[in-house]
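Novice: Each chain, letter by letter, is given below.
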Amino acid sequence: MRFGVLQFPGSCDEVDALQAARRVGDAELIWHADRDLKGADAIVVPGGFSYGDYLRAGAIARFSPAMESVIAFARDGGLVLGICNGFQVLCEAQLLPGALLVNSNLRFTFRQVELEVLNSGGAFTRACVLDQRLSIPAKHAWGRYHADPDTLVAMDRRGQLVLRYAPGENFNGSLHDIAGVCNEAGNVFGMMPHPEHAVDELMGGSADGLKIFESMRLTVEGVHSR
Amino acid sequence: MRARVLIRPKAGILDPQGVAVERALPALGFAGVGNVHIGRLVELDVEDAAQLEPMCRKLLANPLVEDYEVELLDGSA
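Taken in order, these protein sequences are the chains called B and G.
The first sequence lines up with residues 1 to 226 when you count with this note's numbering.
The second sequence lines up with residues 1001 to 1077 when you count with this note's numbering.
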């Protein structure tokens, strides 16, 4: 199983994403100007401040050559994980519904958050159990998930609300405490907290983030063995 | 042709920057302030004004959460 991790000017979590992915498979960086996804089975769009977050977070990165390939890859059913800025990029690319707005407290906030798994049947959470709690760090200023009410009802019905902040943990004001969502087909997933920063108990006391990468590996290998 | 694009948060979406300024003004002695909203201003020269609308939809604004208004400026260089 091979992960491709995108790298934009201004990315800052691509190396942690690479290291996390290497705990469950092979992984390689893909530069933003490169259209070649190097045969990756799954793509990670990492955190950071792609293109300086100019205009809106993710607005410029969404038009990069590598993202054009990722959009085609996703439309063909390929697995795409967006973390933090990567989540913002996937929303701007309209691979995921909704948008990320400035935190309701107007602050860049860095803290460990408790998440709850609302859907453990999907491609990115199948190594989890329903209602399982994951302890994962979050660090962002623009993480308030927003979608219009009708979209949220439809997403809820289809199981697209995958992760939510546990009670009392929603520091950014996201609607319905949403921390991570997938697209209708279930092959594109975005989350604001950083699973790649929680892959070893020596770092922050939690390796819960590995569950996301492990789930992706299970999904890819399941597809391959059929 | 010189154009100006005003981008603002859609009505009904929490605008915490607007709220923060709305609270700060009375603290400085400015009474009777309400409904503060903060957006972005983009000014640009364009050869073809018909491109402004698609530019807004595709890049300058996020129509899911923002409204935009295009204004053509007279006397442009």
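There could be a bad hint or two in this list.
What the hints assert, rightly or not - Heads up, simulated DSS-like pairs for lysine-lysine below, C-alpha to C-alpha not over 30 Å straight-line:
id, chain 1, residue 1, chain 2, residue 2
1, G, Lys1058, B, Lys38
2, B, Lys139, G, Lys1058
3, G, Lys1010, B, Lys38
4, G, Lys1058, G, Lys1010
In case anyone wonders, no lab produced these hints; they're calculated from the structure.
Novice: Given the hinted pair G/Lys1058 and G/Lys1010, is their alpha-carbon gap at most 30 Å?
Specialist: Distance of about 17 Å is within 30 Å: holds.
Novice: Hey, G/Lys1010 versus B/Lys38, does the alpha-carbon distance stay inside 30 Å?
Specialist: 41 Å, violated
Novice: Is it true that the CA of B/Lys139 sits at most 30 Å from the CA of G/Lys1058?
Specialist: Measuring from Cα to Cα gives roughly 28 Å; hence the hint holds.
Novice: Tell me if the straight-line CA distance from G/Lys1058 to B/Lys38 falls inside 30 Å.
Specialist: 28 Å, holds
The earlier numbered hint that this structure contradicts is number 3, and it is the only one.
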